[in-house]
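J.: Sequence:
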Amino acid sequence: MKSLVLVFVFALVLIESEGIEDWLSHELYPCIKCLCHARSGCWIRQNCARYSIDFNYWKTAGSVVANLDDLPNDKNSYESCMKDENCIVGTIIQFTEKFGRIDCNCDGKFDCKDRLAIHLLKGPNCEQPTFGRTYARRFNECASAVGVSTMLSKEGDDSCTAPEAV
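Position 153 of the sequence shown, counting from 1, maps to 153 under my numbering, and the rest follow consecutively.
I should point out that these hints are in silico values taken from the structure, not numbers from a laboratory.
Misleading hints may appear alongside valid ones.
What the hints assert, rightly or not - Below, simulated DMTMM-like cross-link-like pairs (lysine to aspartate or glutamate); rule was C-alpha separation at most 20 angstroms, straight line:
1. K154 x D107
2. K59 x E21
3. K59 x E97
Using the sequences plus the hints, can you model the full thing?
T.: As structure tokens, then:
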């Protein structure tokens, strides 16, 4: 009987360990905070989601879920995710990694500025991104506070052609 109880407890521990990923502790969280602040003008990730994460974006990102019982590709699961900061952050991280490490602004590295371009332009066609002064100002306010590299209102130059994703 003790063996059966131990097996049951072990099985529960295994199931729980396969839970929802903690995206708020992810190394990219500071970047995502700045990306969302640039997009929405506020610090609340739910506003970022409202302005820039539609159902297709969420599905492309892999249908990140807020709860273990949510179904992938389900409209209710999408709506649940868009109310959950952890799920929103996970969706943005997954989406900006979906296409590979694209150096959108041709500065020789894949960083938060490239993620912003991929997020705003909804995919890999992000060459020579023009963010505008408002997005750049908002992004840089946040970037200076959290240690992310700042950006120009137009990144790259006329000769910039983003390489294929690596």
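J.: Each hint: holds or not?
T.: Here is how each hint holds up against the structure:
1. K154 x D107: holds (12 angstroms)
2. K59 x E21: Distance ~17 angstroms between K59 and E21 Cα, so the pair holds.
3. K59 x E97: Between K59 and E97 the Cα gap is close to 14 angstroms, so the pair holds against 20 angstroms.
Against the hints set out earlier in the document, no violation occurs for any number.
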